[in-house]
Amino acid sequence: MIEIRNLHKSFGSLQVLNGIDLSLEKGKVLVIIGPSGSGKTTLLRCLNLLETPDAGSLKLGEASIEFDGRRKIDKQQVLKLRQSTGMVFQSYNLFPHKTALENVMEAQIVVQKRDKNAARKRSLELLAKVGLSGKEDSYPHQLSGGQQQRVGIARALATDPEVMLFDEPTSALDPELVGEVLKVMKELAAEGMTMVVVTHEMKFAAEAADTVVLMDGGVILEQGPPQKVLQNPSSERASQFLNLLTAKE
Amino acid sequence: MDDRKIQIVIDSLWPMIKAALQYTITLALISFVLGLVLAVVVALVRVWKIPVLNQIAIFYVWVIRGTPLLVQLFIIFYGLPSIGIKFDPFPAAVIAFTLNMGAYNSEIVRAAIQSISKGQWEAAFSLGMTRVQALWRIILPQAARVSVPPLSNSFISLVKDTSLAYTVTVVELFQVSKQITATTYEPLLLYMEAAVIYLAICTILNALQNVMEKRLSRFSTQ
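Which chain is which? The protein sequence lines are E and Y, in order.
For the first sequence, position 194 matches number 194 in my numbering, and the numbering has no gaps at all.
For the second sequence, position 218 matches number 218 in my numbering, and the numbering has no gaps at all.
One or more of the hints may lead you astray.
Cut-off 20 Å, straight-line C-alpha distance, at most; resulting in silico cross-link-like pairs (EDC-like, lysine to aspartate or glutamate) [unchecked claim]:
hint : chain 1 : residue 1 : chain 2 : residue 2
1    : E       : Lys75     : Y       : Glu122
2    : E       : Lys98     : Y       : Asp3
3    : E       : Lys72     : Y       : Glu122
4    : Y       : Lys118    : E       : Glu3
5    : E       : Lys75     : E       : Asp54
Simulated from the structure, these hints should not be mistaken for laboratory data.
Predicted model only: the values in this text are computed from it and were never measured.
Make a model of the complete structure from these sequences and hints.
Here it is, written out as structure tokens:
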């Protein structure tokens with residue numbers, strides 16, 4: 001489903017991605033962990049081209065793109081890629097001037113040109129799926145953080161993406177609200193959604209991930225099933241980082 | 001105040017209000033609306049740094065903000081005819097005020113657009129929206145709300161600046177008060193009367209601004 005080869009990305013003189021090779025099969029869950037500045041968020045954002053890599057190649061579903069830093073990527077390719085991915089943001093980024101229902105309907109109507117009634121029906125289903133029936137007409141500022149994030153998940157699902165991308169989805173939430181969002185994510189995973197999740201939630205990684213990747217300094221330090229990466233890392237740096245994380249919990 | 005003065009005030013009321021409706025308000029409204037369209041275009045050119053147009057926009061804003069409105073009016077109405085471009089008074093005033101509003105308001109619109117967090121653009125893009133779709137559906141509605149106070153300010157200033165149009169022979173509110181003063185020799189009375197009419201118009205505009213701000217803040221906690 002996803003194949004990344006030799007991805008490089010720098011911001012000015014700062015090399016953030018230093019040659020990343022990664023692949024993910026359909027229906028699997030990939031969790032990316034790592035210290036601040038390791039490049040994990042940048043890697044995630046390369047998957048829907050919110051960041052454009054300087055070099056390397058990306059295959060996602062039917063899309064196949066080569067990057068060479070100079071040539072501009074064809075706009076239609078970018079739009080198609082973004083329609084087949086859905087992203088959930090750390091700070092939710094809901095549209096404040098629209099209700100929960102309108103947030104979820106927006107892309108269906110504007111991007112996919114679906115009929116309004118069909119979009120409304122689908123949106124109500126999605127809001128029910130994330131446990132927010134009855135909140136369709138609420139504005140984001142009337143919802144708790146956990147509720148807003150669940151609207152964010154419903155909104156990302158609305159375009160029927162092939163891959164769901166999560167950028168530290170629970171990092172901005174109060175601890176009590178983290179659970180309700182992780183629950184929705186676990187259900188999605190169980191239903192067979194292909195997911196890439198950047199997170200610090202080790203328990204989620206241990207329980208829901210098929211593969212865990214640990215990044216540092218723009219490279220992958222460890223890669224493998226959660227039991228191996230989280231319990232038995234082979235590198236010193238990885239052990240350091242994981243000890244820190246588990247000490248915090 | 002004696003009866004003669006009271007009579008002057010009463011007699012001059014309708015001519016002044018008529019001029020205010022016919023010229024002051026129409027001049028302000030037309031120029032503001034046209035200027036706002038221009039301001040949005042210029043703001044977008046600046047925000048998206050569209051090549052060539054960006055340089056032209058920067059130059060335009062620099063020149064308009066760096067020269068007095070009065071001088072701009074004179075150049076358009078009195079200066080251009082010598083190179084063959086002639087405008088009637090009202091159109092000349094509209095052009096000058098539109099260009100003026102366009103420049104000043106483009107900075108307001110640009111700041112408003114840039115004040116909307118990047119996350120909003122990213123959310124829109126991640127859903128597959130184009131730049132234009134994101135702008136129209138997500139960014140501009142939010143930027144509009146932010147820009148109501150400074151744009152209202154701008155409009156209220158414009159209403160008062162329309163008094164400058166008398167210099168290019170538009171018989172607007174201030175010119176009427178000058179004309180009546182010339183025949184009645186009561187400058188204090190008549191200029192105060194004109195001031196009161198401007199004040200009344202601006203007070204109504206203030207109230208409208210409050211209504212707009214209340215209505216637009218329905219969906220935010222800020």
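Hint by hint, here is what the structure shows:
1. Lys75/E to Glu122/Y: Given that 20 Å is the threshold and the Cα spacing comes to 16 Å, the pair holds.
2. Lys98/E to Asp3/Y: violated, 60 Å
3. Lys72/E to Glu122/Y: The given pair, whose Cα atoms are some 19 Å apart, holds under the 20 Å limit.
4. Lys118/Y to Glu3/E: Given pair lysine 118/Y, glutamate 3/E is violated - Cα atoms ~28 Å apart, limit 20 Å.
5. Lys75/E to Asp54/E: Holds, at about 17 Å.
This entry does not satisfy hints 2, 4, going by the numbered hints stated previously.
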